[in-house]
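Peer 1: Dock chain B against chain A, hints included.
In case you want the letters, here they are:
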Amino acid sequence: MSKTTNEAPQNGNPIVRYFSEFGVLKECGINFWLTNFIQFFDGLAYFTLIIVFALFLKDYCGFRDADAPFWVGMYTLFLSLFVFAVGTICDIIGLKHTYLVGFSMLILGRLILGLGSDFGMRLLDLSQDHSRYIVIAGIAIMSFGSAFMSPCIQTSIRRFTTLHARPTGFNFYYLFMNIGALLAGVAIVDPIRAHWSGPEGLQMVVNFGTCCEVIAFLFTRFVNENFYAVPEERITTEKASSRRPLQLIGEVIRERPFQKLLVFLVLTLGVRLVFTLQFMIMPQYYTRTIGDDFQLGFMNSLNPFIIITGLIVIIPILKYFSTVKLMIWGMSISAASLILMAIPPECYFVFPGIDTVSQAYFIAIFLQIIIFAFGELLFSPRFSEYVARVAPKDKVASYMSLAGLPMFIAKPVNGVVGGLLVSYMCYDGIAAKIDTGHVSYWCSPEFMWTIYLILAVISPLAIILTKDSFVSNHPEEDVPDEDEERKELATQEAQA
Amino acid sequence: MDTNTEEKQEKRNIHWGPILQDMVILMAAMGVLGYLSKEVMEVFETKSTTDSLVSLIRKEDVKNSKDEPFIRELKSGMRDHEDFINTHDNTGRTPLMWTVYVNFNEPVEAQKKDVKRLFYLNSLLDTPGIRTDERDNDGFTALHWAAWSGLPACVERLAAAGMDLNAEENSGYTPLMLAAMRGNVETVQKLLQLGADPARKRSDGSTASSLAESHGAAYHKRSSFVYTLLYSERRDAAYVKVRELLGGDR
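Protein sequence lines, in the order shown, are assigned to chains A and B.
At position 201 of the first sequence the residue is numbered 200 (numbering that gives the first Met the number 0), and the sequence of numbers has no breaks.
At position 166 of the second sequence the residue is numbered 165 (numbering that gives the first Met the number 0), and the sequence of numbers has no breaks.
Since the hints were made in silico from the structure, they are not lab data.
Ideal Cβ positions, reconstructed from N, Cα and C, are used throughout, including at glycine.
Please note that the accuracy of each hint is not assured.
[As the list claims (entries may be wrong)] Straight-line Cα separation of at most 20 Å, EDC-like style, residue types lysine to aspartate or glutamate; simulated pairs:
id	chain 1	residue 1	chain 2	residue 2
1	B	K115	A	D117
2	A	K394	A	E254
3	B	K74	A	D117
4	B	K65	A	D124
5	B	K200	A	D434
6	B	K65	A	D117
7	B	K115	A	E199
8	B	K62	A	E199
9	B	K111	A	E199
10	B	K115	B	E105
11	A	K259	A	D393
12	B	K37	A	E254
13	B	K46	A	D128
14	B	K74	A	E199
15	B	K74	A	D124
16	B	K65	A	E199
17	B	K62	A	D124
18	B	K62	A	D117
[As the list claims (entries may be wrong)] Ranges between beta-carbon positions, derived for each pair:
id	chain 1	residue 1	chain 2	residue 2	range
19	B	I129	A	H96	56 to 66 Å
20	A	F175	B	I129	47 to 57 Å
21	B	G30	A	G93	24 to 34 Å
22	B	P127	A	S439	35 to 45 Å
Chain A on its own, in the form it takes in the complex (with noise of 0.2 Å):
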């Protein structure tokens, strides 16, 4: 058994117990807290920007229906692409340069993001199509600059925890990041589109993210990069994060067990393209059946509320079931919560209180939300995990980086998909023609959720008749030790 157990008082409150843990983060020194205000600034802006991203490209930029969510999933690729190229990086240039130039980048993008279409109409006389694609190479240079934060945190978390420390220290890291998350939300993107209606709430929101990337450049220049909580790690460089991307596909690819992985990582993308929708349709179908005051960051924060209650509540009481059953009952959950959609909106009439296709729509959307995020709760750890195991020994974190591969081809196809159909069944106008009776079922939002439905059930069916083929290859860890199960967890969570 760990230190950290033997030391952590044993309470039975899980609330009580999950904070107790973090007393041993008092002997992280100043660069560990630095670090998370860190994070925690670039987490605001990553999220408050995801949130309106959609909405801002169609609304403030003038992209088309489709084109929207195809460059929001473009972003998403790039920037997993690049996290390949810049985890090396970290450790040739040193930490504060590599936040130097991350940031400069991330704040560049951004700037051009945020302002570029102005710039391009207002200053060089250019189209809206034209200007369009100075956006574009906002987008580009951002998602550049985001990719290089996240190996760089990891980085920094790791080399400034004690080994005492350090799975504790991921966890504080996690939980932070879905505060973040949560108030980016309700905090940020609602107070500002109240404030500022329309396209103009949606630039402010992105502006005030380039604020918060500023305000977190600014704490990196106080991290002593020298410092090393285990002295010993100075010298310590991971091979595997030295290989080259297509290297390591090309090592990974006639292995048995990755082509099993290859096989249920294309099943389980039904499901896991949902995930992705929050960003890429979600808004559209939010503004356009409720209103434009919808509030757009109240439901966003919905999914880190209960992601933050799962770690504390949840998660602990997981361990006494099986991966893949977890996996199952996860995607099983996620996919069924788009029937809530999927239906029309008059089923909901025989709710008291509900009376209109708006308060209908409300529900079915609130209700979705949860629903999703509480199968979201029980598959995406698991998912890191499960991928973990299949992996031969020697070959986790190689397994762990190319398990991303097929949402690589699957997410600019998805947005290009989800852009037309939100421009044929969720275009902008819908409501009006909903509430004077000229939306048929088949043209209408509920049938595009239909399709996603579809999609989304495939995932958990395929994988329940399969289920032989995907069992563990190391069935003696399915049922894991609990301080194991949480280090890796925590450690598994950061790199998700």
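Peer 2: Then chain B, alone, in the frame of chain A:
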């Protein structure tokens, strides 16, 4: 060898040039994939020559009583496309209809937009060749959109341009009915002042007043439920006022 030298040695051993090279290959592959998927889907995309113009209207970026990019786009569109100003998009809407459309639950938000949109509405109505009587795929006129959106100043301007106040869309709704259904008090007031007929009936017998009553009842009823704490529309009082304005027509 001391620690710093070892560290430097380790750093020298990492060649990040090839890593970046792979990144470029992966990025190019993803870029091509994205481009191809866009190309394949392009046939299904809903594009209109007026997309940029509409987008600029919705951005409402009026500075010193003018919006240069909008004026430029309008002029260039008029120069390049015949009947540009009356072009219908995939939903059948013209730029004029888009100008008078907003979707807010709070009437006060819609009224803020009303003033801003007036600039664009005037610009379009002053454009030679504009046809105000165009209808979208479901028979909505620009006046229907303005009434549904709750933009009284725009309603007044459209009426001044000669639009039919009692035009019926394909389901028989008049602009007054849509404004009443949404609880848009000022718009109902304006339409009544301008001479809209409150006694018009749809085929199912519903009138502006009965629509306001049924929708108002729904909002009134729900105010007693807990979840209104999460989502309050403050429409109840508006419907009472609308019914007062329309009272006695049934």
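Peer 1: Confirm or reject each hint.
Peer 2: Going through the hints against the structure:
no. : hint                           : in the structure
1   : B:K115 with A:D117             : holds, 18 Å
2   : A:K394 with A:E254             : holds, 11 Å
3   : B:K74 with A:D117              : holds, 19 Å
4   : B:K65 with A:D124              : holds, 15 Å
5   : B:K200 with A:D434             : holds, 17 Å
6   : B:K65 with A:D117              : holds, 14 Å
7   : B:K115 with A:E199             : holds, 13 Å
8   : B:K62 with A:E199              : holds, 13 Å
9   : B:K111 with A:E199             : holds, 13 Å
10  : B:K115 with B:E105             : holds, 17 Å
11  : A:K259 with A:D393             : holds, 17 Å
12  : B:K37 with A:E254              : violated, 33 Å
13  : B:K46 with A:D128              : holds, 13 Å
14  : B:K74 with A:E199              : violated, 25 Å
15  : B:K74 with A:D124              : holds, 14 Å
16  : B:K65 with A:E199              : holds, 17 Å
17  : B:K62 with A:D124              : holds, 15 Å
18  : B:K62 with A:D117              : holds, 12 Å
19  : B:I129 with A:H96: 56 to 66 Å  : holds, 59 Å
20  : A:F175 with B:I129: 47 to 57 Å : holds, 56 Å
21  : B:G30 with A:G93: 24 to 34 Å   : holds, 31 Å
22  : B:P127 with A:S439: 35 to 45 Å : holds, 38 Å
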